[in-house]
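**Q** Chains as they are written, first to last, in our numbering: chain A, 1 to 110; chain B, 111 to 228.
Just so you know, the hints here were simulated from the structure itself, not pulled from any lab data.
Any given hint might turn out to be false.
Simulated pairs of lysine-lysine, DSBU-like, Cα-Cα distance not exceeding 35 Å [said to hold, decoys possible]:
| no. | chain 1 | residue 1 | chain 2 | residue 2 |
| --- | --- | --- | --- | --- |
| 1 | B | K129 | A | K44 |
| 2 | A | K47 | B | K123 |
| 3 | A | K44 | B | K173 |
| 4 | A | K55 | B | K123 |
| 5 | A | K47 | B | K122 |
| 6 | A | K68 | B | K173 |
| 7 | A | K68 | B | K123 |
| 8 | B | K133 | A | K44 |
| 9 | B | K122 | A | K44 |
| 10 | B | K133 | A | K47 |
| 11 | B | K173 | B | K122 |
| 12 | A | K55 | B | K133 |
| 13 | B | K129 | B | K173 |
| 14 | A | K55 | B | K122 |
| 15 | A | K68 | B | K122 |
| 16 | B | K133 | B | K173 |
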Amino acid sequence: QSALTQPASVSGSPGQSVTISCTGTSSDVGNYNFLSWYQQHPGKVPKLMIYEVSKRPSGVSNRFSGSKSGNTASLTISGLQAEDEAYYYCLSYAGFTTHVFGTGTEVTVL
Amino acid sequence: QVQLVQSGAEVKKPGASVKVSCKASGYTFISYYMHWVRQAPGQGLEWMGIINPSGGSTNYAQKFQGRVTMTRDTSTNTVYMELSSLRSEDTAVFYCARQWGGSSYDYWGQGTLVTVSS
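Given the sequences, and given the hints that come with them, work out the whole structure.
**A** And the structure:
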């Protein structure tokens with residue numbers, strides 16, 4: 001099972017929007033709407049930001065949104081803030097109870 | 111409140127095994143699958159496998175097949191992850207994470223650092 005592909009890094013100025021892609025295959029991202037996103041600050045535990053492609057858990061800012069088209073999912077952070085600087089990982093269901101993470105993306109706020 | 115509390119850091123020699131525990135509280139233990147995730151220093155998250163605390167069934171990532179064993183103890187609401195034949199590349203933080211809904215992880219343990227060194 002190969003990791004989903006994410007850009008190594010994205011950056012933006014405060015207030016701007018950034019989008020992180022997560023590309024898989026028709027066996028994982030393209031076949032299921034069980035795609036979630038996690039934020040991880042250095043040395044901290046990952047935090048669920050988006051589940052089932054586009055749903056936000058209670059307490060997560062509406063500046064975070066998710067979408068999917070074909071084999072590629074995306075996380076958009078609008079109104080970028082300094083606290084958004086972190087690593088972001090996608091996670092997809094891949095069938096037969098298996099899961100696969102993305103390679104991770106470092107978001108830098110300029 | 112939901113809590114996943116993991117066992118403490120371990121130092122192991124190459125070839126040895128390590129067993130990490132994850133004690134759950136604040137919810138019905140057998141109602142939620144549990145996953146294990148590995149994160150090597152400076153690296154990304156890696157899915158290791160899943161255990162169904164209700165019946166104990168498991169499924170492991172192909173990469174860890176033959177080296178990992180996940181078990182649970184319903185009397186103590188604890189899941190375990192044992193990794194054998196350790197090598198230096200297994201030095202990592204290991205997390206347990208509760209599956210919520212279709213396939214997301216809503217609660218995570220605090221992580222357990224396992225260092226493999228001679």
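**Q** Failing hints, ascending?
**A** Those not satisfied are hints 4, 7, 14 and 15.
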